[in-house]
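2 protein chains.
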Amino acid sequence: MRLTRYFLPVLKETPAEAQIVSHRLMLRAGMIKQASAGIYSWLPLGYRVLRRIEEIVHQEQTRAGHIPMLMPTLQSADLWRESGRYDDYGEEMLRIKDRHGRDILYGPTNEELITDIFRAHVGSYRDLPLTLYHIQWKFRDEIRPRFGVMRGREFLMKDGYNFDVDKDAALHAYNRHLVSYLRTYERMGLQAIPMRADGGPIGGDYTHEFLVLAETGESEVFYDSAITDLRFGDRAVDFDSVAECQAVLEEFTSRYARTDETHDEGVFHAQVPEDRRRSARGIEVGQIFYFGTKYSDAMGATVVNPDGQRVPVHMGSHGIGVSRLLGAIIEASHDDKGIIWPEGVTPFHAGIVNLKQGDAAADAACEGLYAALRAKGLEPLYDDREERAGAKFATMDLIGLPWRITVGPRGLAKGVVELTSRRTGESEELSPEAAVDRLAQVYAAHP
Amino acid sequence: MRLTRYFLPVLKETPAEAQIVSHRLMLRAGMIKQASAGIYSWLPLGYRVLRRIEEIVHQEQTRAGHIPMLMPTLQSADLWRESGRYDDYGEEMLRIKDRHGRDILYGPTNEELITDIFRAHVGSYRDLPLTLYHIQWKFRDEIRPRFGVMRGREFLMKDGYNFDVDKDAALHAYNRHLVSYLRTYERMGLQAIPMRADGGPIGGDYTHEFLVLAETGESEVFYDSAITDLRFGDRAVDFDSVAECQAVLEEFTSRYARTDETHDEGVFHAQVPEDRRRSARGIEVGQIFYFGTKYSDAMGATVVNPDGQRVPVHMGSHGIGVSRLLGAIIEASHDDKGIIWPEGVTPFHAGIVNLKQGDAAADAACEGLYAALRAKGLEPLYDDREERAGAKFATMDLIGLPWRITVGPRGLAKGVVELTSRRTGESEELSPEAAVDRLAQVYAAHP
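Same order as they appear, the protein sequences are chains V and X.
The first sequence runs contiguously to residue 493 in my numbering.
The second sequence runs contiguously to residue 493 in my numbering.
Calculated directly from the structure, the hints in this document are not laboratory data.
Some clues are possibly wrong.
Same chains, same names: a pair is fine if it fits in one copy or spans any two.
[Said to hold, decoys possible] Dumping the calculated BS3-like pairs for lysine-lysine here, alpha-carbon to alpha-carbon at most 25 Å:
#1 K383 / K340
#2 K340 / K460
#3 K58 / K402
#4 K79 / K143
Please read these numbers as outputs of a predicted model, since none were measured by experiment.
The task is simple: from the sequences and hints, build the whole structure.
What follows is the structure, given as structure tokens:
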């Protein structure tokens with residue numbers, strides 16, 4: 047993309063309404079614009095990151111054998127009356143009357159709707175296991191929306207639902223989701239720690255939240271510091287293998303790690319040596335639940351099991367906060383100058399800065415780099431504006447592309463351009479071809 | 047995808063509530079399920095086609111130089127009061143009060159919101175031309191939703207908005223959209239004819255609707271039959287070229303083609319020889335508008351022009367009915383047995399039917415085909431159920447994959463499988479390798 051043809055409305059001043067760094071940087075980098083309280087438009091740069099995060103979630107869900115579909119944003123109140131949650135849910139649920147006076151609502155989650163689909167179409171254990179998921183906009187009418195997309199009202203979430211013939215099978219689905227989520231977050235450059243949590247309005251005692259440690263996190267968390275050394279990495283896990291998924295669960299959840307809702311000071315002290323006890327703030331980026339037959343009992347979702355008996359299906363639900371992840375990633379990865387995108391989610395793979403727009407050699411070298419990067423399947427952002435070098439660098443630093451190629455007449459006279467890492471600030475002079483090859487290598491690890 | 051691991055709830059019986067063939071087939075093929083009146087869940091097969099259509103729209107919008115972003119589904123009523131449309135819009139607008147009693151609404155379209163973004167960030171002709179678009183769910187509270195996704199209440203639409211310094215530049219944007227839309231629909235296997243139309247609630251006299259001819263269409267249309275011979279094909283149009291886009295517009299709109307709203311019997315008879323006069327039904331799948339300064343005047347969206355004067359920006363808006371396209375494509379492409387997907391939008395590239403599940407040679411050949419197709423970047427649907435051949439064929443015909451590979455012990459003994467075209471019904475025996483190569487060739491034209 048050429049910047050002169052793009053829409054990247056960066057702000058020079060820090061918006062007064064933003065209290066936390068990710069909100070400030072998303073506004074300043076021209077990623078979002080508030081449409082109304084807690085509701086945002088995703089400007090082109092923000093939309094690119096959102097799509098990239100969605101894509102990683104889709105890829106990892108597919109890898110785990112989960113099946114994508116899409117449920118609507120608006121739901122009939124009748125299903126929520128069946129489950130008993132219509133009255134329970136309180137004011138966070140956005141309740142609407144349509145022109146015929148029928149009660150509908152903007153879905154805050156989808157247990158009822160997916161259970162309705164399941165009971166209409168599935169009747170036998172032979173069709174199980176089954177995990178369906180979607181990535182769809184949700185609404186929770188927060189009384190005080192704040193922190194930008196971190197605590198908005200309209201937000202994008204991946205929510206998935208497993209259906210299994212019994213508790214053991216459902217717990218395997220639970221473990222499979224845990225494994226899949228570990229991999230998902232690491233691909234986004236995040237360490238998200240699974241912590242014992244509370245069921246809340248979804249229900250169930252068997253639940254883990256995934257938390258990214260950050261000073262601005264909304265939750266207080268307590269954990270054994272040894273947990274932060276764990277990495278999932280690029281393991282080839284067989285998602286059908288009960289033993290393999292169980293082993294990963296044990297590795298990542300056997301050490302103490304809890305949110306304040308489930309924290310137990312006595313257990314914490316008994317289990318964790320003093321020098322490894324940590325309390326910190328965390329941002330919740332996902333949660334998994336096994337809640338058994340809570341919804342299938344209430345809504346009559348049954349299957350015939352291998353013994354010929356009709357039994358309620360065992361379920362769980364599993365969410366990833368797609369839009370809030372942008373905030374979480376920025377909270378975890380920025381500096382004074384702006385955002386530092388991890389390679390896995392960056393909106394553009396590299397920036398090209400032309401130090402002397404209009405200089406024939408510099409223009410040609412930039413065009414050459416632009417074409418060569420695209421030929422490798424990479425998408426560069428070429429700053430082809432007539433601007434001072436300082437302004438171009440400041441924009442690139444603010445929007446946080448992990449790599450910058452700087453092109454100027456002086457370097458070109460020596461046959462080199464400059465490749466700079468946003469994270470380390472280190473630069474290296476190399477030929478344009480070598481710079482392209484280097485970036486292709488870097489991104490080969492981030493498909 | 048292996049069918050035993052998929053969720054494809056095909057129906058044997060024709061649902062009574064469905065009045066038109068696309069609605070019946072989408073229900074029978076397990077593509078959608080009604081969630082409430084005019085609101086649908088997209089089951090996995092339907093979701094795949096929806097995504098595919100979205101992807102084509104994105105690719106063609108990008109080709110035309112338009113920039114993707116995303117606006118929220120819910121909007122503040124205040125912006126609509128500024129434009130004067132809040133009171134005008136009537137009962138089709140879903141009006142909502144949030145917990146603080148503020149008026150919000152589920153956006154039926156986005157002229158106000160995009161104009162608000164524009165006026166906040168753009169002030170100079172130097173930032174123009176600019177066309178922003180998004181693909182987002184909309185809601186229109188139809189009094190009698192019907193025809194499945196063709197006339198639903200919650201629907202997915204691409205809507206794009208151009209901003210230009212004057213009328214001439216805005217008309218180029220209009221033409222550019224027309225060119226882009228012709229290409230977009232043809233990639234979906236559709237002939238969508240641009241017809242002179244009425245501005246309706248968006249406003250503007252300069253507007254064309256794109257209509258797909260089909261008996262079940264909601265609009266009556268009148269046209270010169272010569273228009274149906276026009277094809278856009280794979281022309282390399284320079285979207286920046288005013289002359290090239292204008293030439294395409296003239297080629298495709300100079301002959302008589304109008305919806306009943308703008309039809310003029312006298313002009314029809316004067317311009318079109320009797321043997322080429324046609325009246326028919328059409329399904330509207332898109333519309334483009336130039337409406338000048340209607341919204342920029344009302345909302346104060348101005349830019350400084352090259353003469354240093356502050357002038358209202360010239361705008362247009364341009365829509366493609368993404369979710370309704372599934373219905374339109376099926377109306378245009380089906381037979382008694384089911385859907386016939388055009389290659390450009392098919393949910394899976396080919397079906398693999400194993401005639402003797404459990405037979406070692408047949409199973410191995412199917413697995414080999416499955417892997418070989420995936421290695422070519424194609425996604426097959428492998429029917430690996432323990433089912434009669436007849437049931438497998440009936441499912442494949444119903445869901446409409448354009449190509450089927452049939453694998454059985456008898457053919458394998460001769461070293462061949464059968465490749466069958468869903469559209470013609472013609473079959474050919476060839477080696478598994480040749481079948482894979484053939485499909486790779488076919489789909490090379492549908493990136």
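* To do: If the cutoff is 25 Å on CA atoms, where do K340 and K460 land: within, between, both or neither? Let me know, please.
  => neither (70 Å within a copy, 55 Å between copies)
* How do K383 and K340 come out at 25 Å by Cα distance, when the copy is not named: within, between, both, or neither? -> neither (49 Å within a copy, 41 Å between copies)
* K58 and K402: within-copy, between-copy, both or neither at 25 Å Cα -> within (23 Å within a copy, 68 Å between copies)
* Within, between, both or neither: K79, K143 at alpha-carbon 25 Å -> Between copies only: 22 Å across chains, 29 Å inside a chain, cut-off 25 Å.
Against the hints set out earlier in the document, violations occur for numbers 1 and 2.
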